[in-house]
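A.B. asks: Given chain A, put chain B in place with the hints provided.
Protein chains: 2
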Amino acid sequence: MKQPPRPPRPQSATRAFARASGAPAGDATARRGQAPRFERPDAFAAARREDSPGGEPIIREDEMDNELGVKKIGVVGCGVIGMSWTAYFLAKGFSVRATDPNPAAEARTREYVDNAWPLLERMGAAPGGKDRLFFSTDLIEAMDGVDFVQENGPERIDLKRTLFRDIANAIEPRVIVASSSSGIPVSDFQGASVHPERIVLGHPFNPPHVLPLVEVAGGKLTSPDVVDATVRFYARIGKKPVRMNREMKGHIANRIQAAVMREVLYLLAQDVASVEDLDIAIAHGPGMRWAILGQFLNADQGGGEGGIRHMMEHLGPAMEGWWADLGRNEHIAAEDIGLMERGVAKILERHDRAAIASARDSVLAQILQAKAAEDRLPY
Amino acid sequence: MKQPPRPPRPQSATRAFARASGAPAGDATARRGQAPRFERPDAFAAARREDSPGGEPIIREDEMDNELGVKKIGVVGCGVIGMSWTAYFLAKGFSVRATDPNPAAEARTREYVDNAWPLLERMGAAPGGKDRLFFSTDLIEAMDGVDFVQENGPERIDLKRTLFRDIANAIEPRVIVASSSSGIPVSDFQGASVHPERIVLGHPFNPPHVLPLVEVAGGKLTSPDVVDATVRFYARIGKKPVRMNREMKGHIANRIQAAVMREVLYLLAQDVASVEDLDIAIAHGPGMRWAILGQFLNADQGGGEGGIRHMMEHLGPAMEGWWADLGRNEHIAAEDIGLMERGVAKILERHDRAAIASARDSVLAQILQAKAAEDRLPY
Numbered sequence: 001m002k003q004p005p006r007p008p009r010p011q012s013a014t015r016a017f018a019r020a021s022g023a024p025a026g027d028a029t030a031r032r033g034q035a036p037r038f039e040r041p042d043a044f045a046a047a048r049r050e051d052s053p054g055g056e057p058i059i060r061e062d063e064m065d066n067e068l069g070v071k072k073i074g075v076v077g078c079g080v081i082g083m084s085w086t087a088y089f090l091a092k093g094f095s096v097r098a099t100d101p102n103p104a105a106e107a108r109t110r111e112y113v114d115n116a117w118p119l120l121e122r123m124g125a126a127p128g129g130k131d132r133l134f135f136s137t138d139l140i141e142a143m144d145g146v147d148f149v150q151e152n153g154p155e156r157i158d159l160k161r162t163l164f165r166d167i168a169n170a171i172e173p174r175v176i177v178a179s180s181s182s183g184i185p186v187s188d189f190q191g192a193s194v195h196p197e198r199i200v201l202g203h204p205f206n207p208p209h210v211l212p213l214v215e216v217a218g219g220k221l222t223s224p225d226v227v228d229a230t231v232r233f234y235a236r237i238g239k240k241p242v243r244m245n246r247e248m249k250g251h252i253a254n255r256i257q258a259a260v261m262r263e264v265l266y267l268l269a270q271d272v273a274s275v276e277d278l279d280i281a282i283a284h285g286p287g288m289r290w291a292i293l294g295q296f297l298n299a300d301q302g303g304g305e306g307g308i309r310h311m312m313e314h315l316g317p318a319m320e321g322w323w324a325d326l327g328r329n330e331h332i333a334a335e336d337i338g339l340m341e342r343g344v345a346k347i348l349e350r351h352d353r354a355a356i357a358s359a360r361d362s363v364l365a366q367i368l369q370a371k372a373a374e375d376r377l378p379y
Numbered sequence: 001m002k003q004p005p006r007p008p009r010p011q012s013a014t015r016a017f018a019r020a021s022g023a024p025a026g027d028a029t030a031r032r033g034q035a036p037r038f039e040r041p042d043a044f045a046a047a048r049r050e051d052s053p054g055g056e057p058i059i060r061e062d063e064m065d066n067e068l069g070v071k072k073i074g075v076v077g078c079g080v081i082g083m084s085w086t087a088y089f090l091a092k093g094f095s096v097r098a099t100d101p102n103p104a105a106e107a108r109t110r111e112y113v114d115n116a117w118p119l120l121e122r123m124g125a126a127p128g129g130k131d132r133l134f135f136s137t138d139l140i141e142a143m144d145g146v147d148f149v150q151e152n153g154p155e156r157i158d159l160k161r162t163l164f165r166d167i168a169n170a171i172e173p174r175v176i177v178a179s180s181s182s183g184i185p186v187s188d189f190q191g192a193s194v195h196p197e198r199i200v201l202g203h204p205f206n207p208p209h210v211l212p213l214v215e216v217a218g219g220k221l222t223s224p225d226v227v228d229a230t231v232r233f234y235a236r237i238g239k240k241p242v243r244m245n246r247e248m249k250g251h252i253a254n255r256i257q258a259a260v261m262r263e264v265l266y267l268l269a270q271d272v273a274s275v276e277d278l279d280i281a282i283a284h285g286p287g288m289r290w291a292i293l294g295q296f297l298n299a300d301q302g303g304g305e306g307g308i309r310h311m312m313e314h315l316g317p318a319m320e321g322w323w324a325d326l327g328r329n330e331h332i333a334a335e336d337i338g339l340m341e342r343g344v345a346k347i348l349e350r351h352d353r354a355a356i357a358s359a360r361d362s363v364l365a366q367i368l369q370a371k372a373a374e375d376r377l378p379y
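Residue numbers (my numbering), protein chains in the order written: chain A, 1 to 379; chain B, 1 to 379.
For reference, chain A alone in the conformation it holds in the complex:
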């Protein structure tokens, strides 16, 4: 089975969020029947309660009732992606034990979480959740007692190899380590670690505390059960995991983005339209449909009663002509970067970058809520 079981969609956005972050116990019990060999049945009972730094019990039972029994998540690397994951895990009621070699990362991470929190609260964040963050520059101390690790180190194979070796040595053998690697396959760096079978790709989409996608793929040494369990874990905590049957350079979404960037850059370099108009051609056109349905179901919709078959048979010859005509640029020239930068700068004359970021996240949250409240959508 490639898809994790999906809970039924409730009618209200708020309820949908609540459900995504923790289905009723009955549901979880039913799922335990399908649990992989990698499960930790003992952890279910142990995970019921935990004391907060202040001594009060603050973990809600339903949040912790995932089949892996995860309650403490280790976050390794506190760049943009690590900080955003931290905010998300905290919002879902987990304790987070974060580490980064840079001591300044602690203040930066706490500030990031503070800034993200109002949005997360609108999306149903666990009350008081942002206080459950422990930080240490010492990886071994930070990883003490964690049940799941999300790695967000630099995108370099040599550094990843060392980092995974150190993480693997610091945790229990059965703890899953998911990598946010945006392009490097897990196979390229899992080999140096003890128990490489629990190392898996868990690549989010920026910003992870808002966008649901996580790409999950096993490396050559990863246990298929770990891949399955990881897919189910992410689905359980409100993410939308996809299961890759095998590793690919750039995974899925970054390849699709690269294809889009290649074409818009080609059209820009050919002076077909301005940076702003090329952006509008996505954001007020196909981009709006892609926020709801992927390319296949959109094509199916375009085919009317005949569905995707009619669409592809009807549009096929034209599409083949477009494929033949698409840009084939192989390199990003200094000139290309200049063109893009000048076009973007023209937009930023009128609109502040930080304001755009905040506006984007706010609209993203509204799109999430509109989608969650719509029970006729397929995914």
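These are calculated hints, taken from the structure and not from any lab test.
There may be inaccurate statements among the hints.
Said to hold, decoys possible - Listed below are the simulated EDC-like cross-link pairs for lysine to aspartate or glutamate, each with C-alpha atoms no more than 20 Å apart in a straight line: (1) Lys346(A) / Glu305(B); (2) Lys220(B) / Glu276(B); (3) Lys249(B) / Asp375(A); (4) Lys346(B) / Glu276(B); (5) Lys220(A) / Asp188(A); (6) Lys249(B) / Glu330(B); (7) Lys130(B) / Glu111(B); (8) Lys249(A) / Asp271(B); (9) Lys249(A) / Glu313(B); (10) Lys220(B) / Asp188(A); (11) Lys346(A) / Asp336(A); (12) Lys346(A) / Asp271(A); (13) Lys249(A) / Asp325(B); (14) Lys249(B) / Asp271(A); (15) Lys249(B) / Glu313(A); (16) Lys346(B) / Asp375(A); (17) Lys220(A) / Asp188(B); (18) Lys249(A) / Glu320(A); (19) Lys249(B) / Asp188(B); (20) Lys249(B) / Asp325(A); (21) Lys346(A) / Glu247(A); (22) Lys249(A) / Asp325(A); (23) Lys346(A) / Glu330(B); (24) Lys346(B) / Asp336(B); (25) Lys249(B) / Asp271(B); (26) Lys130(B) / Asp114(B); (27) Lys346(B) / Glu276(A); (28) Lys249(A) / Asp114(B).
Said to hold, decoys possible - Reference excerpt, derived from the structure (chain B facing chain A, CB under 8 Å, subset only): (29) Leu159; (30) Arg161; (31) Arg246; (32) Asp325.
For every residue, glycine included, the Cβ atom is placed at its ideal position computed from N, Cα and C.
C.D. replies: Chain B alone, transformed into the frame defined by chain A:
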């Protein structure tokens, strides 16, 4: 100037919609100073009022106050795109005179408008607007007195040539004719018409009554003033036109879609993931960002303080690697269509196609409203 002037974004979604469909007279007066040589100044006064089929004055002044003085729009071809344009123009308060050689098209179009109307009303449709539709199978009768024509004939050069010749003969020389041609450049069919300088591309994105994008491009014989006036007209009636500096096969958005389809089809054929997971990888990841910002501003956001320059310098080598690895399929094989169809069918086992369509349009309308209400977005 490549961009039409954009009115300031008001705070409320409802007000934003009202503004998009007709700015106050003062605003329009200011704009007349920039009007192209192609304007019809006489039409401003003439366009103030019109009698409805029932005899009541129903055209609101502000709706009609566009620089072209358009009040009656001819819609040629009532397939899916023509019907959707009809619904949009009616919602914006215009009289529509539609034609299609098939007599059954009238009932189908009226039904389409009826079905689209509740959504259009949520988006601020002109009250009573849907009654302002006249239909005739006779092109000459239908085009009588129109001020603007939107053509939506079959996607075949020979048919387009004949159709444009007939349309051009049926209307006043100064009336602009915009083609919804989804891939064929205007240059390929404008030559057979009288006054080819007023024939222009106005390619919408399906469904045009919901999605704002319109791609505008002149053919070899089109007057640049007509291109400018068309861009401004669409902007004025609430669309988001982009101005192409020159014609391209597939225009802009269909090329981008073709690039996306090429890659997801490649990944499907390579068994990297299921149809559903490849759709999720868009709809819960980059697709959500693309609904708000295009590829360039998203890349700029990804680069933090360093913007798109930092992003492209940092990610450039990885992206070049992905470009080199992207699918290069040239043809859509029967086998590919089978794969897509089976994957889609699996989703449709659980979800009805018509229900998905309705859910998509409903969420699209909510996205439009969320974007209109957000005054910090750049476009």
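A.B. asks: Quick one, are lysine 249(B) and glutamate 330(B) close enough, alpha carbons at most 20 Å?
C.D. replies: Cα-Cα ~16 Å, so holds.
A.B. asks: Hinted pair, alpha-carbon criterion (20 Å max): lysine 346(B), aspartate 336(B). Please report holds or violated.
C.D. replies: Since the Cα atoms of lysine 346(B) and aspartate 336(B) sit roughly 16 Å apart, the hinted pair holds (cutoff 20 Å).
A.B. asks: Next pair to validate is lysine 346(B) with aspartate 375(A); report whether the Cα-Cα distance is within 20 Å.
C.D. replies: Between lysine 346(B) and aspartate 375(A) the Cα gap is close to 18 Å, so the pair holds against 20 Å.
A.B. asks: Is it true that the CA of lysine 130(B) sits at most 20 Å from the CA of aspartate 114(B)?
C.D. replies: holds, 8 Å
A.B. asks: Lysine 346(A) and aspartate 336(A) were given as a pair; does the straight-line alpha-carbon distance stay at or below 20 Å?
C.D. replies: This hinted pair holds, its Cα atoms lying about 16 Å apart.
A.B. asks: Quick one, is the arginine 246(B) hint okay against chain A at 8 Å, beta carbons?
C.D. replies: holds, 6 Å
A.B. asks: Compare the distance between the alpha carbons of lysine 346(A) and glutamate 330(B) with 20 Å, and conclude whether the hinted pair is satisfied.
C.D. replies: Roughly 37 Å separates the two Cα atoms, so the pair is violated.
A.B. asks: Would the pair lysine 249(B) and aspartate 375(A) pass a check requiring their Cα atoms to be no farther apart than 20 Å?
C.D. replies: Violated, because 38 Å separates the two Cα atoms, which is more than 20 Å.
A.B. asks: Are the Cα positions of lysine 249(A) and glutamate 320(A) separated by 20 Å at most?
C.D. replies: At roughly 25 Å apart (the allowed maximum being 20 Å), glutamate 320(A) and lysine 249(A) break the hint.
A.B. asks: How about arginine 161(B): closest beta carbon in chain A under 8 Å, or not?
C.D. replies: Where the cut-off is 8 Å and the nearest Cβ of chain A is about 18 Å from arginine 161(B), the hint is violated.
A.B. asks: Holds or violated: are the alpha carbons of lysine 346(A) and glutamate 247(A) at most 20 Å from each other?
C.D. replies: violated, 39 Å
A.B. asks: Take the C-alpha atoms of lysine 249(A) and aspartate 271(B), compute the straight-line distance between them, and say whether it is at most 20 Å.
C.D. replies: Measuring from Cα to Cα gives roughly 14 Å; hence the hint holds.
Checked against the numbered hints above, the structure violates hints 2, 3, 10, 17, 18, 21, 22, 23, 25, 27, 28, 29 and 30; every other hint is satisfied.
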